[in-house]
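**Student:** Numbering (my numbering), first residue to last: 11 to 159.
Simulated from the structure, these hints should not be mistaken for laboratory data.
All figures in this text were calculated on a predicted structure; none of them were measured in a lab.
Any given hint could be a false lead.
Claimed, not checked - List of simulated lysine-lysine pairs, DSS-like, C-alpha gap at most 27 Å:
id, residue 1, residue 2
1, Lys19, Lys52
2, Lys83, Lys93
3, Lys83, Lys19
4, Lys52, Lys83
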Amino acid sequence: MGRLTDLLKLAQERGRELGVPYAGALTPQEAYEVWQLAPGAKLVDVRTRAEWDWVGRIPGAIEIEWQSYPDNKANAHFLPQLKQQADGEALLMFLCRSGVRSHQAATLASQGAHSNCYNVLEGFEGDKDANGQRGKIGGWRRAGLPWRS
Numbered sequence: 011m012g013r014l015t016d017l018l019k020l021a022q023e024r025g026r027e028l029g030v031p032y033a034g035a036l037t038p039q040e041a042y043e044v045w046q047l048a049p050g051a052k053l054v055d056v057r058t059r060a061e062w063d064w065v066g067r068i069p070g071a072i073e074i075e076w077q078s079y080p081d082n083k084a085n086a087h088f089l090p091q092l093k094q095q096a097d098g099e100a101l102l103m104f105l106c107r108s109g110v111r112s113h114q115a116a117t118l119a120s121q122g123a124h125s126n127c128y129n130v131l132e133g134f135e136g137d138k139d140a141n142g143q144r145g146k147i148g149g150w151r152r153a154g155l156p157w158r159s
């Protein structure tokens, strides 16, 4: 359990530095390791159905939309849907395209019944490059972590 403890401490320190209202922040590689090491840990992908279908999915992740596409309407049922798929004690890691929606989801979940929430920095596609394109700088996919189209 030493590696898991080290990863979570690092994420918690990073979270304090960033001033987040949840347990901490992980890089995609750290999140993948935690997912493998922590019994019952869940990766919650909060992108839209369109993003899952057109950009790619992470095998084994819980998929709950934060917002719908194309109207970007907030999912009023987010917390009940999360509660259905993960108990309050589970270590939850939230991921979106770039880390913004997942930050919001981790914040809301930690205010609800979930005390062990982490944001996955960089998200699935990472930051935009000089040409405004994603997928080339950072992100889950760029790190070579499991995904499928």
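**Student:** Of all the hints numbered above, which does this structure not satisfy? Sort the numbers upward.
**Tutor:** 3
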